[in-house]
Amino acid sequence: MAAIRTKPDPQRYSFDGLGSAPYPNLMLLGAGDLDNWTLDRYRDRWEGYRALAMALKMEPAAVTAEVKLSDLRGRGGAGFRTGMKWGFMPKDTPERKLTRYLVCNGDEGEPGTFKDRAILEYNPHQLIEGMIIAGWAMQCKAAFIYVRGEFGWLVRKLEAALQQARDAGYLGRNILGSGWDFDILTYRGAGAYICGEETALLNSLEGRRGEPRVKPPFPAQAGAFGQPTTVNNVETLAAVPPILRMGGAQYAKLGTPGNTGTRIFSVSGHVKRPGLYELPLGLPLDFIVNDLAGGSSTGRKLKAIIPGGSSAPMFDAKDFDCPMDFDSVKARGSMAGSGGIIVMDESTCMVQVILRLTRFYAHESCGQCTPCREGCNWMEMILDRIEHGQGRPDDLALLASLPPRINMRTLCPLGDAACGPVESALQKFRGEFDHHIEHKACLCG
Amino acid sequence: MNHPLTPETSAAPLAPGQRLPLSERTRLSPEAVAEIQAAAAKYPDKLAGTLPALYIAQREFGFLSLAAMREVAAALGVPEGHVFGVATFYTMFRKQPAGRYHFQVCTNLCCALNGANELLKRVAARTGAVPGGGPTADGMWSLEEVECLASCGSAPCLQVNEGVFDEFVDEAKLEAILEGCRRGDYSPWGE
Numbered sequence: 001m002a003a004i005r006t007k008p009d010p011q012r013y014s015f016d017g018l019g020s021a022p023y024p025n026l027m028l029l030g031a032g033d034l035d036n037w038t039l040d041r042y043r044d045r046w047e048g049y050r051a052l053a054m055a056l057k058m059e060p061a062a063v064t065a066e067v068k069l070s071d072l073r074g075r076g077g078a079g080f081r082t083g084m085k086w087g088f089m090p091k092d093t094p095e096r097k098l099t100r101y102l103v104c105n106g107d108e109g110e111p112g113t114f115k116d117r118a119i120l121e122y123n124p125h126q127l128i129e130g131m132i133i134a135g136w137a138m139q140c141k142a143a144f145i146y147v148r149g150e151f152g153w154l155v156r157k158l159e160a161a162l163q164q165a166r167d168a169g170y171l172g173r174n175i176l177g178s179g180w181d182f183d184i185l186t187y188r189g190a191g192a193y194i195c196g197e198e199t200a201l202l203n204s205l206e207g208r209r210g211e212p213r214v215k216p217p218f219p220a221q222a223g224a225f226g227q228p229t230t231v232n233n234v235e236t237l238a239a240v241p242p243i244l245r246m247g248g249a250q251y252a253k254l255g256t257p258g259n260t261g262t263r264i265f266s267v268s269g270h271v272k273r274p275g276l277y278e279l280p281l282g283l284p285l286d287f288i289v290n291d292l293a294g295g296s297s298t299g300r301k302l303k304a305i306i307p308g309g310s311s312a313p314m315f316d317a318k319d320f321d322c323p324m325d326f327d328s329v330k331a332r333g334s335m336a337g338s339g340g341i342i343v344m345d346e347s348t349c350m351v352q353v354i355l356r357l358t359r360f361y362a363h364e365s366c367g368q369c370t371p372c373r374e375g376c377n378w379m380e381m382i383l384d385r386i387e388h389g390q391g392r393p394d395d396l397a398l399l400a401s402l403p404p405r406i407n408m409r410t411l412c413p414l415g416d417a418a419c420g421p422v423e424s425a426l427q428k429f430r431g432e433f434d435h436h437i438e439h440k441a442c443l444c445g
Numbered sequence: 001m002n003h004p005l006t007p008e009t010s011a012a013p014l015a016p017g018q019r020l021p022l023s024e025r026t027r028l029s030p031e032a033v034a035e036i037q038a039a040a041a042k043y044p045d046k047l048a049g050t051l052p053a054l055y056i057a058q059r060e061f062g063f064l065s066l067a068a069m070r071e072v073a074a075a076l077g078v079p080e081g082h083v084f085g086v087a088t089f090y091t092m093f094r095k096q097p098a099g100r101y102h103f104q105v106c107t108n109l110c111c112a113l114n115g116a117n118e119l120l121k122r123v124a125a126r127t128g129a130v131p132g133g134g135p136t137a138d139g140m141w142s143l144e145e146v147e148c149l150a151s152c153g154s155a156p157c158l159q160v161n162e163g164v165f166d167e168f169v170d171e172a173k174l175e176a177i178l179e180g181c182r183r184g185d186y187s188p189w190g191e
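Chains A and B, in that order, are what the protein sequence lines are. If you read the first sequence in the working numbering, its first letter stands for residue 1, the second for the next number, and so on. If you read the second sequence in the working numbering, its first letter stands for residue 1, the second for the next number, and so on.
It is worth saying that the hints were derived from the structure and are not from the lab. It is possible that part of the hints are untrue.
[What the hints assert, rightly or not] With beta-carbon atoms standing in for the labels, derived distance ranges:
{"no.": "1", "chain 1": "B", "residue 1": "Phe168", "chain 2": "A", "residue 2": "Ala317", "range": "25 to 31 Å"}
{"no.": "2", "chain 1": "B", "residue 1": "Glu191", "chain 2": "A", "residue 2": "Gly299", "range": "44 to 50 Å"}
{"no.": "3", "chain 1": "A", "residue 1": "Asp167", "chain 2": "B", "residue 2": "Lys46", "range": "36 to 42 Å"}
{"no.": "4", "chain 1": "A", "residue 1": "Gly226", "chain 2": "B", "residue 2": "Asp138", "range": "49 to 55 Å"}
{"no.": "5", "chain 1": "A", "residue 1": "Cys444", "chain 2": "B", "residue 2": "Gly133", "range": "30 to 36 Å"}
{"no.": "6", "chain 1": "B", "residue 1": "Arg183", "chain 2": "A", "residue 2": "Asn377", "range": "25 to 31 Å"}
{"no.": "7", "chain 1": "B", "residue 1": "Glu175", "chain 2": "A", "residue 2": "Asp327", "range": "47 to 53 Å"}
Cβ atoms here follow ideal geometry from the backbone N, Cα and C, with glycine treated the same way.
Make the full structure from the sequences, and use the hints.
What follows is the structure, encoded as structure tokens:
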């Protein structure tokens, strides 16, 4: 059904500039093969559930220590250190036994990102194994996989995979003779981008409107159903089995110090070979866009690149040499976010692009905080009149005055996310906006 | 989030050929009530059954009328206001009837860069459905513009009803999908 293109042959590419060996696929194992999702295939071909057997022989704290050693950072967008997050979960005391939950965030809705979908489609058992290991490390009672509503068929596939795991004794009572009980339930969202924010997701999981919560309390104190909860992204949890199989120290050798391991880049837009590329962190943007994805698909020069999903401020052609890891992208004023790289050629009208993105944020704002609810709508209205030749001379100053009044003034980062593209486009492509207002026409034709 | 007013089923005039029996229903079937209660029992709190229950009601009624929301509230034993709030918050819960084949076209940035707006226009022209509107007069088609469907690398993409997800949709592929709908290759909305 799905035709997600992945790195055609991972062994073929090697980039001497970083002295790295050919890049291994750790999470996209067998991606592209629709028969790959079964338990038998995962066990026979990809050493499936070997990491779980190893983990259950270790102390829970030792598993967390291994993940800390790997220095894995959350792949959902914020890049928070996973081992540290797991460490925030409160422990049982002699007086009080706690009910802890693990929640997997599969509400993949960031425009430009389609990696979690591929893991769920082709390799669900690796996610399930990662979740059981994480559940053991934090001694959770149960886990939930929250999948976005549009992925109805993936929820059914996931249910089938979970049943296979239950039948094989990897889920349920007394897992592999460890005396520990654990199960995973699926939950299907219903089309709200905001539910990718962890506290909005928890509200949605509890059957409420997906509105972000006031923090504190943080999910580690009071998360799903009021209990201590850890929320991790699909890709983060899928990285856990390889970490245990190869050892945290070995995993940390991939990528660059502080930005370890591999991540899945989703490349889309005006490139010859859009698709998913699992690569160690720290490779230059130029290599991903031009060497792997084949450069411009239209024959025109590339003008702008969004490096980390639609919420990330834009790069222009000057930033092609930026190493794609969390810290380097941040140092250039953008964010590595969800790893969604959107490429635009020089025929793309930036006013249209920003209008489309702003309309998305205005539509998806949950409406709780005034700056985001009203601000995004006003940005959309101003951009709309600029795009349609009704821009006024002072519109750009008015538009530029809005992001500082939204940024950091809301409960969740959706407002900030809406500001990133607007601010960066005004800074880098201001000429196009001026041209729209002055000549009531587009510079790009 | 949009909060459209929700018409009462009996008050909303039905177009000729529209599935009368489905949207005229005001009660959930006993099987659906049992299914809702089983779904809610899986989670630590019955409130968590709200989203699964609304999906079941949407399947039963074709869309979420006020009657459908009331039935869900009764089946779960939660306040009606809560169910109304949830049903109107999420975009995948339809507050108006859909055609037999409901098309959703993503027009977000990555799809737009690859011709999604043209695709939307083409679907509208070929089916006669208005984006964001109700079903066509024959009850066959409805069309909606949606946000990212996580198919950015294979844009443009569209979704037909809940199951069929199509990517790299060009003119020929769209024709094949429309033909498939007419032949009945895909299960109609709500089934």
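- Query: Taking each numbered hint in turn, which are not upheld by the structure, reported in ascending numerical order?
  - Reply: The structure conflicts with hints 3 and 6, although it agrees with all the remaining ones.
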